[in-house]
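There are 2 protein chains.
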Amino acid sequence: MSAERAVPGAFMRAEILEQPRVLAQLIAQPPSAIAGVAPLARRARFAMLAARGSSDNASTFGKYLLESFAGIPTALAAPSLFTLYHRPPRLDAGLVIGVSQSGAAADVIAVLNEARAQGALTLAITNTAGSPITEAAEHVVLLGAGTERALAATKTVTAQCVAYALLTAAIAQDAQLQRALETVPESVRAVLAHTEALEAAARRWRAAQRVAVVGRGYPYAAAQEIALKLKETCYIGAEAYSAADFLHGPLAMIEPGYPVLVLLNHDAAGAMTADFIARVLACGGDVLCFATAQACALLDNVPIGSGQLEVIALDVPSAVLSAIAFIVAGQWFALALALLKGHNPDRSRSVTKITVTR
Amino acid sequence: MSAERAVPGAFMRAEILEQPRVLAQLIAQPPSAIAGVAPLARRARFAMLAARGSSDNASTFGKYLLESFAGIPTALAAPSLFTLYHRPPRLDAGLVIGVSQSGAAADVIAVLNEARAQGALTLAITNTAGSPITEAAEHVVLLGAGTERALAATKTVTAQCVAYALLTAAIAQDAQLQRALETVPESVRAVLAHTEALEAAARRWRAAQRVAVVGRGYPYAAAQEIALKLKETCYIGAEAYSAADFLHGPLAMIEPGYPVLVLLNHDAAGAMTADFIARVLACGGDVLCFATAQACALLDNVPIGSGQLEVIALDVPSAVLSAIAFIVAGQWFALALALLKGHNPDRSRSVTKITVTR
Numbered sequence: 229m230s231a232e233r234a235v236p237g238a239f240m241r242a243e244i245l246e247q248p249r250v251l252a253q254l255i256a257q258p259p260s261a262i263a264g265v266a267p268l269a270r271r272a273r274f275a276m277l278a279a280r281g282s283s284d285n286a287s288t289f290g291k292y293l294l295e296s297f298a299g300i301p302t303a304l305a306a307p308s309l310f311t312l313y314h315r316p317p318r319l320d321a322g323l324v325i326g327v328s329q330s331g332a333a334a335d336v337i338a339v340l341n342e343a344r345a346q347g348a349l350t351l352a353i354t355n356t357a358g359s360p361i362t363e364a365a366e367h368v369v370l371l372g373a374g375t376e377r378a379l380a381a382t383k384t385v386t387a388q389c390v391a392y393a394l395l396t397a398a399i400a401q402d403a404q405l406q407r408a409l410e411t412v413p414e415s416v417r418a419v420l421a422h423t424e425a426l427e428a429a430a431r432r433w434r435a436a437q438r439v440a441v442v443g444r445g446y447p448y449a450a451a452q453e454i455a456l457k458l459k460e461t462c463y464i465g466a467e468a469y470s471a472a473d474f475l476h477g478p479l480a481m482i483e484p485g486y487p488v489l490v491l492l493n494h495d496a497a498g499a500m501t502a503d504f505i506a507r508v509l510a511c512g513g514d515v516l517c518f519a520t521a522q523a524c525a526l527l528d529n530v531p532i533g534s535g536q537l538e539v540i541a542l543d544v545p546s547a548v549l550s551a552i553a554f555i556v557a558g559q560w561f562a563l564a565l566a567l568l569k570g571h572n573p574d575r576s577r578s579v580t581k582i583t584v585t586r
Numbered sequence: 229m230s231a232e233r234a235v236p237g238a239f240m241r242a243e244i245l246e247q248p249r250v251l252a253q254l255i256a257q258p259p260s261a262i263a264g265v266a267p268l269a270r271r272a273r274f275a276m277l278a279a280r281g282s283s284d285n286a287s288t289f290g291k292y293l294l295e296s297f298a299g300i301p302t303a304l305a306a307p308s309l310f311t312l313y314h315r316p317p318r319l320d321a322g323l324v325i326g327v328s329q330s331g332a333a334a335d336v337i338a339v340l341n342e343a344r345a346q347g348a349l350t351l352a353i354t355n356t357a358g359s360p361i362t363e364a365a366e367h368v369v370l371l372g373a374g375t376e377r378a379l380a381a382t383k384t385v386t387a388q389c390v391a392y393a394l395l396t397a398a399i400a401q402d403a404q405l406q407r408a409l410e411t412v413p414e415s416v417r418a419v420l421a422h423t424e425a426l427e428a429a430a431r432r433w434r435a436a437q438r439v440a441v442v443g444r445g446y447p448y449a450a451a452q453e454i455a456l457k458l459k460e461t462c463y464i465g466a467e468a469y470s471a472a473d474f475l476h477g478p479l480a481m482i483e484p485g486y487p488v489l490v491l492l493n494h495d496a497a498g499a500m501t502a503d504f505i506a507r508v509l510a511c512g513g514d515v516l517c518f519a520t521a522q523a524c525a526l527l528d529n530v531p532i533g534s535g536q537l538e539v540i541a542l543d544v545p546s547a548v549l550s551a552i553a554f555i556v557a558g559q560w561f562a563l564a565l566a567l568l569k570g571h572n573p574d575r576s577r578s579v580t581k582i583t584v585t586r
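Residue numbers (the numbering used here), protein chains in the order written: chain A, 229 to 586; chain B, 229 to 586.
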């Protein structure tokens, strides 16, 4: 272990590579709480998701799934209303989910405590058996991802995404979503066959100080998580956008050479995302595109203008769940870029693995 | 008008200065739709807010108010689920609000159309009488802010924030919030008495390429809006954070001289925000703090470390509504910085005033 610790990024690298196995196990043997909570959740009028950091990004993915497959309007919690202002909303008709890798997030636990006291249906999603969050919620999903040692969360984030997808498929009784889930481990393996291309792309952006990360629809949550990973491990100003929001203002930032990482999906958001890429290239932007293999044709007629476009095609069949594969691609890219910049992504300046905010 | 157009920033400047009058009028004569919708909204199980760009930031403020004063769990809409995937959530028990300055935002209108078809209570908030959004919603709040000519939205954003506060006060029948609203025009006037200090601060950050903008609790929405304003007008990488989220990763980005704009409020979030400032200063960060006058004492014992701290104290009595005053301070700061950088904030590279996304 101490030898492993000596190699920068060794923990993060090992944990990224564990994901096909960790996710396959979670999908093959879903925690029993998922089947237990699903019939009760069908009666919820709304859902509220409480999380911080990477868990919050997984929860954005969860919002999209719960709204579009289970029909449940889903809000992300504003924890300060519970912990600081003591003015929580009425939660009795809702499903309230708290997500924390460590299970120690005090503000997430405060949301669950209040929700449970109000009579809401409460669920905790965590990687840590016996942690405080498992006491706060009535139902508990343990991810079983094994200890995560790197500072940057990897396998626990994708496991959280899978947990949201399992829960949504169970609530919606959606066999198609369930079958899509079964392709996820293979998709992640397919991404990990492109590590050289991801490292080459990182070399091209070695000097980047700021990056925009853009997705629309289901991959939007992946854009958020990749941006956070780049900030945590590479210390660069990375910001996530929906392609639609980007056109309302931020496009003005793009000048020649501005690095933009775009996630391109083979679904209804694909065509507008390809148009977005064309707009960025016309401004001279430097676009790195993670695309599902089936989406690549959307780029055939995109004019390069004065910009640059590099595409990494990933063999990912499910457009609904491609965010998970995109996150893994972003993890490897962030790891490679951090090492090129001379940082050790297993540790960090200023940030500790477990951050407790109230 | 053509003479005015010739002076860079003349429209934005004039529109910022109109705000005390525009907001005073809106507060003194609230649109009748607010009283009409309030009793119906009291029966809503949840709210969903649909908006893009600056209107989305005003809606984040609306979420905090609706949840904490009216008790209504409030989600921000994911428009792609309506417009691209055609898988909207169930909205019949909800209050659904669409916000668009121009009233032309196709995706916001699509959310309202779907919500109305499902039997939800629908409300449009817009500055443009007769615009398409006024046909989509059952109830319509017209802001009456007058034509906005600058590309960067200013008076319409603060008017949207006031509309959310008026609506919340009416739903919650909260006389205290109503009285707090009456202090807003004077607060904005107080901010506009500090234009010189804001311009001096802009000179100090003249060379900044990236900025973090941080708030917690009610001012969080103001952090989002100020970051967007800096992106639109100054073309710098500005990102908004909750102080709590910032500690979960992004703190690692802070290196000596990193510019961080912090909003400090005299409420329960104030103490942790002051602690946050101390953490940033310890990393050598360059902090510009917009603080309510009553919050300044929180900074008395903050060690400066290797960082820099500049405070602009603003005479803003309401901590719940201080976001509106902070937004105005940020507008003037962004205007000054844009002019120093040689940009004309009335126009923009790449972005048009009305952006229609689907």
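Think of the hints as simulated: they come from the structure by calculation, not from any bench. There's no promise every hint is true.
[What the hints assert, rightly or not] Capping the alpha-carbon separation at 20 Å, the derived lysine to aspartate or glutamate pairs in DMTMM-like fashion look like this:
{"hint": "1", "chain 1": "B", "residue 1": "569", "chain 2": "B", "residue 2": "414"}
{"hint": "2", "chain 1": "B", "residue 1": "569", "chain 2": "A", "residue 2": "424"}
{"hint": "3", "chain 1": "B", "residue 1": "569", "chain 2": "B", "residue 2": "424"}
{"hint": "4", "chain 1": "A", "residue 1": "569", "chain 2": "B", "residue 2": "424"}
{"hint": "5", "chain 1": "A", "residue 1": "569", "chain 2": "A", "residue 2": "427"}
{"hint": "6", "chain 1": "A", "residue 1": "569", "chain 2": "A", "residue 2": "414"}
Status of each hint after checking the structure:
no.: 1; hint: 569/B - 414/B; result: violated, 31 Å
no.: 2; hint: 569/B - 424/A; result: violated, 40 Å
no.: 3; hint: 569/B - 424/B; result: holds, 17 Å
no.: 4; hint: 569/A - 424/B; result: violated, 40 Å
no.: 5; hint: 569/A - 427/A; result: holds, 12 Å
no.: 6; hint: 569/A - 414/A; result: violated, 31 Å
Hint check: violations occur at hints 1, 2, 4 and 6; the rest are consistent with the structure.
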